[in-house]
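Could you put together the complete structure from these sequences and hints?
Number of protein chains: 4
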Amino acid sequence: MASAIGNTARGYSVDVTDNSSMQEVFDEIAQEQGPVDTLIYNAGNARWGNVDSIKADELLPGFDVNVAGLIRAVQAVLPAMRSAGQGNVIVVGAGAALRGRPDTLGFAAAKAAQRSVCQSLARQLGPEGIHVALLILDGVVDIPSTMQRMADKPKEFFLSADGTADAAFALTQQNRQAWTFELDLRPFGERW
Amino acid sequence: MASAIGNTARGYSVDVTDNSSMQEVFDEIAQEQGPVDTLIYNAGNARWGNVDSIKADELLPGFDVNVAGLIRAVQAVLPAMRSAGQGNVIVVGAGAALRGRPDTLGFAAAKAAQRSVCQSLARQLGPEGIHVALLILDGVVDIPSTMQRMADKPKEFFLSADGTADAAFALTQQNRQAWTFELDLRPFGERW
Amino acid sequence: MASAIGNTARGYSVDVTDNSSMQEVFDEIAQEQGPVDTLIYNAGNARWGNVDSIKADELLPGFDVNVAGLIRAVQAVLPAMRSAGQGNVIVVGAGAALRGRPDTLGFAAAKAAQRSVCQSLARQLGPEGIHVALLILDGVVDIPSTMQRMADKPKEFFLSADGTADAAFALTQQNRQAWTFELDLRPFGERW
Amino acid sequence: MASAIGNTARGYSVDVTDNSSMQEVFDEIAQEQGPVDTLIYNAGNARWGNVDSIKADELLPGFDVNVAGLIRAVQAVLPAMRSAGQGNVIVVGAGAALRGRPDTLGFAAAKAAQRSVCQSLARQLGPEGIHVALLILDGVVDIPSTMQRMADKPKEFFLSADGTADAAFALTQQNRQAWTFELDLRPFGERW
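Protein chains in written order, with the working numbering: chain A, 1 to 192; chain B, 1 to 192; chain C, 1 to 192; chain D, 1 to 192.
Careful: at least some of the hints might be erroneous.
Given that identical chains are not distinguished, each listed pair holds provided it fits within a single copy or across any two copies.
Said to hold, decoys possible - 25 Å max Cα-Cα, derived DMTMM-like pairs, lysine to aspartate or glutamate:
1. Lys55 x Asp27
2. Lys55 x Asp15
3. Lys153 x Glu190
4. Lys153 x Asp103
5. Lys55 x Glu24
6. Lys155 x Asp138
Honestly, the hints are just simulated from the structure, not real lab data.
A quick note: this is a predicted structure, and the numbers were derived from the prediction, not measured.
Right, dumping it as structure tokens:
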């Protein structure tokens, strides 16, 4: 089903922590492809470590990428979505958003903050016809780099990137009288 | 998309609080239509009222229908799903499961208990290839009886039954490497 | 601090699932000791087991004791508390209320339902000056029977009954401009 | 009860976003008053506004104060607490941590992140004998500045600062076999 997205995808590079870079890239996208109707925000940076190994200042980039970057992206696409009276903002979150553990101190905090922001956005923009939704990924996605790094794990260990894309796509197709804000995704054998 | 379910639906009557009635109807279904691969549990009974208006004994039927009935249904279909190594159990829950309010004392408690049971089932049966999922309905479904009773409400007030069916259907189609346990559904304009 | 409760405690037996037994015992208490100002509800029954080992009907007594019994007790003491314009209802809940696991299917569901009821009660009765609060016990309480049954565990494994009583007592002493609805209690070394 | 804390309180000024300022002030405190056994972290900054009125960069100071500042403070007191094999870290959080609303976008996100960090800290430091706890304040505290600003509100509208201090003090007195991680505090008449 993921292939339904088509073969005309195009990549654009952007620094999500840089206001002007963000504005420029979305201007470029709008010019080349028309107004954005669906934003999928998957920028993230995982700084692992606990209170003994993390420096306080090292926590801030996680908020800049996961939270402030999301706001920058939403603010860039919002005028066009409002003009259209519709649009989708899908954010890729993580199970860590729901609980802080010693070694995920920084990552969990950034994802918890991001989830809170998604709630704020969904509650404001839903009544305007703009669908804000959050995917809670619980597992390690089966992209080449992680599969290589965890080469001893069986295929069933990994969370499917295709399945995740299908879930994101399904959210964009929902009837607006039955919208989902949040759904979790995990491999069937995952302990949770 | 809901029409993809087909035109060959058949109704069966059952008392979900009666062990032998449950077993009989599922035997009949299996005989006439083959083993059940997807169970959607939507039995519910809403007894409204607060601590001043509810009698303690009146709370028990809510648990019998929403919780024990679910277990009866799951136990009836589980052997066939286990033989097949797959299956879907989709439960129709409610936003009330997440918070108890004065006038939803009995309903919220039954739905909170049902949600807990769904978690227990999902954690046990997921690794066996059986997908247990919970829909959190937040709104009044647009079935004829409710629309008639709330005739002054605009169409946008109601939660779409078709949209809800689409969400349930989508859950049954998920790749098992990316399963959802819980998702919420509400009209786009709903305050939450 | 627990000793501050005094040396004049008296026990009364009651079947919390029996409406008339409940009314009688609270009448007796009121007659002998005056109106109840603090109710601590700790009745519980843990039926362990998962979907394979529990019979649906076996789930119902858990709701009768943990939920309907609580309502019976609250209804028995409520008139006196309302006359006084104050009172405390402290409910002893469990961490299982927050998550359903395979082998706690029945217990977790009953405690989740009880927590929901406590929220309904607190939201209704708080503005009347009656403080409803929930203790979320996360651990095995160090009463003689459990310590004997788990004789191989170190003292630090157990949740202190005295500490739990102190927490309950502290709730009854709170200034009504700073009331707690819910607090968790666990041994310092517990994993959660 | 709050007066039990004594009449020898002393104030120290510090910029919680400045690493060296933090280290200096805690060195000074340790020199003048001995090692810190209880840290109460109440630094906060509320930047109100929604996606239309907040600039992305304005979100970062909230994380610096509520999250990174907490880590700076904990790291400053941790060596002494570890030497003593005990200590208390009490963090003053907010109900906003539990839900993001349109106009609390920045504040709620910072408090959600702070709550996650408190969980990470509590899970790591609890087994070392250091008690990390979170107060969830749900209401407007009755300090002179807020009471003046909301002069039309009755006394019962406000959350008691004394009651909050009592709750914090009670946490520091808990038997370590019955520790609380999180408790909420609100005026008895508050809607929640």
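Should Lys153 paired with Glu190 be assigned to within, between, both, or neither, using CA atoms and 25 Å as the limit?
Within one copy, since 13 Å is at most 25 Å while 30 Å is not.
Go through the copies and call it for Lys155 and Asp138: within, between, both or neither, with a Cα cutoff of 25 Å.
Within one copy, since 16 Å is at most 25 Å while 36 Å is not.
Treating 25 Å as the Cα threshold, decide for Lys55 and Glu24: within, between, both or neither.
between (33 Å within a copy, 17 Å between copies)
Identical-chain pair category, Lys153 with Asp103, by Cα at 25 Å:
Within one copy only: 21 Å inside, 28 Å across.
For the identical chains here, do Lys55 and Asp27 meet the 25 Å Cα criterion within one copy, between copies, both, or neither?
between (36 Å within a copy, 18 Å between copies)
If the cut is 25 Å between Cα atoms, do Lys55 and Asp15 qualify within a copy, between copies, both or neither?
both (23 Å within a copy, 17 Å between copies)
The structure is consistent with each of the numbered hints, conforming to all of them.
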